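Produce the complete structure using the sequences and hints provided.
Here the protein sequences line up with chains E and R, keeping their order.
Residue numbering for the first sequence follows my numbering, starting at 1 and increasing by one per position.
Residue numbering for the second sequence follows my numbering, starting at 1 and increasing by one per position.
Don't take every hint at face value.
To be verified - Calculated pairs, EDC-like style, for lysine to aspartate or glutamate (alpha carbon to alpha carbon, straight line, at most 16 Å): (1) R/99 with E/59; (2) E/41 with R/7; (3) R/70 with R/7; (4) R/70 with R/5; (5) E/41 with R/5.
Stated by the list, open to error - Some chain E residues flagged as far from chain R (calculated, every beta-carbon gap over 10 Å): (6) 11; (7) 22; (8) 66; (9) 73; (10) 78; (11) 82; (12) 89.
Unchecked claim - Here are the in silico distance ranges between beta carbons for each label pair: (13) E/14 with R/97: 33 to 39 Å; (14) R/39 with E/60: 26 to 32 Å; (15) E/53 with R/68: 37 to 43 Å; (16) R/53 with E/42: 26 to 32 Å; (17) R/16 with E/89: 38 to 44 Å; (18) R/14 with E/17: 46 to 52 Å; (19) R/75 with E/42: 22 to 28 Å; (20) E/85 with R/54: 46 to 52 Å; (21) E/80 with R/16: 46 to 52 Å; (22) R/75 with E/12: 39 to 45 Å; (23) R/57 with E/3: 24 to 30 Å.
Bear in mind the hints are in silico, worked out from the structure with no lab data behind them.
In this text, all values refer to a predicted model and were calculated from it rather than measured experimentally.
In this text, a Cβ means the ideal position worked out from N, Cα and C, and glycines have one as well.
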Amino acid sequence: GAVVSQHPSWVICKSGTSVKIECRSLDFQATTMFWYRQFPKQSLMLMATSNEGSKATYEQGVEKDKFLINHASLTLSTLTVTSAHPEDSSFYICSAPRTGGNSPLHFGNGTRLTVT
Amino acid sequence: SQQGEEDPQALSIQEGENATMNCSYKTSINNLQWYRQNSGRGLVHLILIRSNEREKHSGRLRVTLDTSKKSSSLLITASRAADTASYFCATAHLSGTYKYIFGTGTRLKVLA
Chain E
1 GAVVSQHPSW VICKSGTSVK IECRSLDFQA TTMFWYRQFP KQSLMLMATS NEGSKATYEQ
61 GVEKDKFLIN HASLTLSTLT VTSAHPEDSS FYICSAPRTG GNSPLHFGNG TRLTVT
Chain R
1 SQQGEEDPQA LSIQEGENAT MNCSYKTSIN NLQWYRQNSG RGLVHLILIR SNEREKHSGR
61 LRVTLDTSKK SSSLLITASR AADTASYFCA TAHLSGTYKY IFGTGTRLKV LA
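So this is what it looks like as structure tokens:
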């Protein structure tokens, strides 16, 4: 079946540094990828929709200069948390619909970011 | 917020019992999907029900959809300890492109 690979699975960084998270679709092309953020024991909050070859669409309240998204190819989207602060500590998950449109999503295994 | 609500927030049952989770959403949808998340992992798709469908089955899973009430339910029959996880409903909304909004989730614990 379709696989989405997310890397790294966890990262610890110091306040003020930037962290890049990669999301790859391994056996299908993903023109659209979604980035979610999840706090402990809570639901997934959609941060942005990543579109191959064009600018990402950010949800209300999400700072686009803080969370940089790049979708340079049909199999790779990256999320860069710039100048990270402790409040950015969270679980970040990417996903992509295999066949586009409103088909089921395939998820990466998430990235646990801890900012000290 | 477009986020849907799920209830109960947490559910603890004995192995062999059935588990029922409910999901309510706010806006019109194209389809509704259920996902499962093991602790600290990504989500796995379980089942999709289209807006013109009322019930769907997949193995031990049964999903219903009532678009007039904007609600759905997920029934897991003959539960097993391995079913312990969080379960989320997600609705697909067309807003330029499709985007998926997740419900608040139900944490299910199945006791052996």
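Indices of hints not satisfied (ascending): Those not satisfied: there are none.
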